[in-house]
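The whole structure should be built from the sequences, with the hints applied where relevant.
Now for the letters of each chain:
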Amino acid sequence: MFLGIREMLHSKTKYLLIISVLMLITWLVVILSGLANGLAEGNRLAVDQWQAEGVIVSKEANRNLNVSTIKDDTTYQKKNSEPINQMSVSIQKAASASNKRTNVSFFGIQKNSSLLPKITAGRKIEKDNEIIASADLKEVGYRLGDQIKAGTYSKKLTIVGWTVKSTYNIVPVIYTNLETVRELKYGGDAAKEDTINAFIVSKKEKDTIPQSKKNEVEYLPIESFIQSLPGYSAQNLTLDTMIYFMLLIAAFISAIFIYVMTLQKTAMFGILKVQGVPTSFLVKSVMSQTLILALVGVSLGLILSSATIIFLPKSLPFANNIGEIALNCGLLIVVAALGGLASIGTIRKIKPLKAIGG
Amino acid sequence: MERVLALKGVCKIFGTGHTKVIALEEVDFSIQSGEFVAIVGPSGSGKSTFLSIVAGLQNPTSGEVIIGQQKISAMTDREKNKMRFEKIGFILQSSNLIPFLKVKDQLRLIEKVNSSKKDKQLKKTLLKELDIEKLVEQYPQDLSGGEKQRVAIACSMYHNPQIILADEPTASLDTKRAFEVVKILAREAKEQNKAIIMVTHDDRLLGFCDRIMKIEDGFMEETTKKG
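So the sequences go chain by chain: L and X. Last residue of the first sequence? That's 1124 in my numbering, and every number before it is there in order. Last residue of the second sequence? That's 232 in my numbering, and every number before it is there in order.
FYI, nobody ran anything at the bench for these hints, they're computed from the structure. If a hint is listed, it holds; no wrong ones were tucked in.
Below 30 angstroms or equal to it, Euclidean Cα-Cα: the simulated BS3-like pairs (lysine-lysine) are:
#1 L:K890 <-> L:K969
#2 X:K85 <-> L:K1115
#3 X:K181 <-> X:K128
#4 L:K877 <-> L:K972
#5 X:K188 <-> X:K128
#6 X:K128 <-> X:K117
#7 L:K844 <-> L:K951
#8 L:K931 <-> L:K890
#9 L:K778 <-> X:K107
#10 X:K219 <-> X:K25
#11 L:K921 <-> L:K877
#12 L:K1115 <-> X:K122
#13 L:K980 <-> L:K969
#14 X:K107 <-> L:K1115
#15 X:K76 <-> L:K1117
#16 L:K1050 <-> X:K87
#17 L:K931 <-> L:K893
#18 X:K129 <-> L:K1050
#19 L:K866 <-> L:K893
#20 L:K780 <-> X:K109
#21 L:K1117 <-> X:K117
#22 X:K181 <-> X:K109
#23 L:K1120 <-> X:K117
#24 L:K780 <-> L:K1117
#25 X:K123 <-> L:K1117
#26 L:K1050 <-> X:K123
#27 X:K139 <-> L:K778
#28 L:K1117 <-> X:K109
#29 L:K1120 <-> X:K107
Everything numeric in this text was worked out from a predicted model, so none of it was measured.
What follows is the structure, given as structure tokens:
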């Protein structure tokens, strides 16, 4: 500690440079993980709001809610599961002259369904063609009581309530009853009567999937369902890979810096070794230096990130996860410290003999 | 007066065959506490090899080095390190000061390595005797050559060693400063009862020493003291 701290105070510029690099890496990692979280949340928020254990989809749907079709007949017990219809469509205000359209995802659910998130304003759905929309739509100009047109659907839909923010596939969710979504999807096709997209299972039991349907449908635990959301895993993998690479880069930067600093101090370490200063003392000094650099760099990075987050535009899907930030920052400190370890061998190998010209 | 260091029949041979170089040949040497001994000789004569063997930084090819009661050859590297820290002080050619430590911290470093070495009284005495009290807040870069060597002497003595090895301590100094430094070394040997071995090639300094050993082509012999 003693040697390390005094050296840093004496050559401030050098050490400030490495601190600022670590700070920038931390900043990038925090922002990237915030974006990754925001995007992930945008994809799955509505699914999380179901608080479900799993989903039943038809086998040929390849885990995709949108293309799954199930004939909702009496063989399904529906003790702990309820049907859902889903359709992605674009909407616009019926009364508006402009053609401004917004992409949304319709969820058709039962009356008094537990799948509906908390209603913040308005009322529940009482009849067909009434909708409750995610709070996001307020931000793009929709108001309670507005009449909207959805896709090519001929009837007008009325906003009768707002839920808390709810998104699926990064678009706002509109909740309505099963029939409205069915009509939106298939028109008035009588053959599609009782067709639903999936069952959302709140508690899995033995007979959740009836024996007679085992060949037609499959049960997906909610986490595998989320992982199979279109684009979800690919997107997370991309951003996570970037974060992991940043961690790797941080390790290398600290390793290279500490190594170069160690080489610069070879003569000094030699002299100290001649005087009988044990190698462990020198190693401790370098390691404490690395740890302090990492701690200060990461802390400054966190401060910089907090300042940045205030100024991020609202349209950016950004969500902080304190646990994840803590984990990433912890990892950053660990890898930076590990980088310092790379120089221990060099310190050990320094020959004291050189210092007295022998 | 007690014998603190003895070399018995020490040989050091580098290389083999055609490249064989005999750096030290059958060197017998001993020094007692309170003695100030100079080692002289032309460059390449084996002076540095002698110092490094005394310090346990190199093993002799044959012969025995005994510090206090202990044979160095029987020690592990860790024990040699400890022995150096406990028993030997070093003053090196271009001063062994750490560039980023203030003078007071150069001394504190020794306490940090081993807290049992903390000795306020000794520190005070050293700062006063070496006339560096006013320099404690300075960095080595702000000191003159003579001041640096005085601080280096203080550091070499602060861990209270029995032996001080000085490797050309006056090499970077002008005559006046060189005399000053050597005088201090001679005084410390007597006052603090240290055994000091100084390697030098500067004949003018020898008047301050108790004994002068000359090394030439690996052979060591005592020469008569000049003036």
